[in-house]
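Visitor: Chain by chain, the residues run as shown.
There are 2 protein chains.
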Amino acid sequence: MANTPSNNVVWHDHKVDKQQRAQAKNQKPCVIWLTGLSGSGKSTIANVLEQKLHALGKQTYLLDGDNVRHGLCGDLSFSDKDRVENIRRISEVSKLFVDAGLIVITAFISPFRTDRNSARQTLEQGEFVEVFVDTPLDVCEQRDPKGLYEKARKGDIKDFTGIGSAYEAPTAAECHLVYNGETAEQSADILIEQLQQKGYLG
Amino acid sequence: MANTPSNNVVWHDHKVDKQQRAQAKNQKPCVIWLTGLSGSGKSTIANVLEQKLHALGKQTYLLDGDNVRHGLCGDLSFSDKDRVENIRRISEVSKLFVDAGLIVITAFISPFRTDRNSARQTLEQGEFVEVFVDTPLDVCEQRDPKGLYEKARKGDIKDFTGIGSAYEAPTAAECHLVYNGETAEQSADILIEQLQQKGYLG
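Chains as they are written, first to last, in the working numbering: chain A, -8 to 193; chain B, -8 to 193.
None of these hints come from the bench; they were simulated from the model.
Fair warning: there could be bad hints in the mix.
Since the list can't tell identical chains apart, any single copy or any two copies may satisfy a pair.
[As the list claims (entries may be wrong)] With a Cα cut of at most 20 Å, we get these calculated DMTMM-like pairs of lysine to aspartate or glutamate:
1) Lys9 to Asp57
2) Lys189 to Asp66
3) Lys145 to Asp90
4) Lys149 to Asp135
5) Lys9 to Asp55
6) Lys137 to Glu184
7) Lys149 to Asp55
8) Lys49 to Asp8
9) Lys6 to Asp55
10) Lys43 to Asp90
11) Lys49 to Asp90
12) Lys9 to Asp135
13) Lys6 to Asp180
14) Lys137 to Glu115
15) Lys43 to Asp8
16) Lys16 to Asp90
17) Lys19 to Asp135
18) Lys137 to Asp57
19) Lys149 to Asp57
20) Lys137 to Asp150
21) Lys19 to Asp73
Turn these sequences into a full structure, and let the hints guide you.
Guide: Printed below as a string of structure tokens:
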């Protein structure tokens, strides 16, 4: 196309949009939002899920404590107010990634229904896929990968989810992983089946 | 692969990384950071650039006032402190997008050298491509697309970049668009040439 002013007008008016970005990736962008107790397996399942989606040719991105807590949300504490802001920013960043055409996986405890619903409202209809990683508290506490439950029981951590602070379980999550001794890989396979059945993987 | 615990370990240890995400997109991820006065043409050039990169098969995302100011940075004012935080969050989100394997284009005035250098430091070597959209103040003021210069001259907007507040021009930007009456499309073509010459488009 020649560099004429009239062409220039066309270029101006027409932005690359979500649909084009998604089409170029041959997928339906969405946020796969894993919620569950500390130690429930969210991050591990999310990692395996991302590897499997990558192997299926999907273009993905994983947001979790590792890449968000020290960067974008590095200025936030663990106060109630800052936890809300943490989830708000994650929602907004997820929205940008969905706009970019990617399948975003998030792995955060996100214990409160209002916060998860705000995240849902941030996205468009059908773009927010809530996944309840439903591992019982006693299993999580037995795993205690970071020793946090022990500290919480001793009173060294206040407001720890499941001990001093409530975990509000989803009541209508799109996907539900009820723990029955599965490995993370088995859980990821079950999740992929659920996602496929509900049409999220196209 | 069977669902055995030993395979499970392999899945755990091995995360999908930046290199794999970039390879799947057949490109070298980076941030193309446009800086310049209000009215310099940053957003328009950024939009045309994104269309052209999309046409070249590149996977891109554009961060600008339209998708950042009301969402992720919707809680920020235009105070000095909040402007710094605004640029910080944009840098951190750009880093996440680069990690996801995308070519990110940003279009923000970003008038201060320290803020742009912080953004550069957030990214890895060679991932931050500063582009000085070098349109003279009088041209920007004549265009005045949002009527902001007029308000600033009247004193209705304080600390407006170029009038009441300094614009610190880049001294060693990777790319430099000196305005000589080009259309946005011509500027985008010049920029693509510069990006290609410097190896950013692979």
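Visitor: Taking the hints in turn, state whether each one holds.
Guide: Verification of the hints:
1. Lys9 to Asp57: Between copies, since 14 Å is at most 20 Å while 27 Å is not.
2. Lys189 to Asp66: neither (37 Å within a copy, 35 Å between copies)
3. Lys145 to Asp90: Close neither inside one copy (44 Å) nor across copies (39 Å); limit 20 Å.
4. Lys149 to Asp135: within (16 Å within a copy, 54 Å between copies)
5. Lys9 to Asp55: between (23 Å within a copy, 15 Å between copies)
6. Lys137 to Glu184: For Lys137 and Glu184, the Cα distance exceeds 20 Å both inside one copy (30 Å) and across copies (50 Å).
7. Lys149 to Asp55: Intra 22 Å, inter 40 Å, cutoff 20 Å: neither.
8. Lys49 to Asp8: both (19 Å within a copy, 14 Å between copies)
9. Lys6 to Asp55: between (30 Å within a copy, 13 Å between copies)
10. Lys43 to Asp90: between (22 Å within a copy, 18 Å between copies)
11. Lys49 to Asp90: Classified as both; 15 Å inside a copy, 16 Å across copies.
12. Lys9 to Asp135: For Lys9 and Asp135, the Cα distance exceeds 20 Å both inside one copy (40 Å) and across copies (29 Å).
13. Lys6 to Asp180: between (37 Å within a copy, 16 Å between copies)
14. Lys137 to Glu115: Close neither inside one copy (35 Å) nor across copies (30 Å); limit 20 Å.
15. Lys43 to Asp8: between (27 Å within a copy, 13 Å between copies)
16. Lys16 to Asp90: both (12 Å within a copy, 17 Å between copies)
17. Lys19 to Asp135: For Lys19 and Asp135, neither the intra-copy (36 Å) nor the inter-copy (39 Å) Cα distance is at most 20 Å.
18. Lys137 to Asp57: within (14 Å within a copy, 40 Å between copies)
19. Lys149 to Asp57: neither (22 Å within a copy, 40 Å between copies)
20. Lys137 to Asp150: Result: close within a single copy only, 16 Å intra versus 48 Å inter.
21. Lys19 to Asp73: Classified as neither: same-chain Cα gap 32 Å, cross-chain 35 Å, threshold 20 Å.
Consistency with the previously given hints fails for numbers 2, 3, 6, 7, 12, 14, 17, 19 and 21, ordered from lowest to highest.
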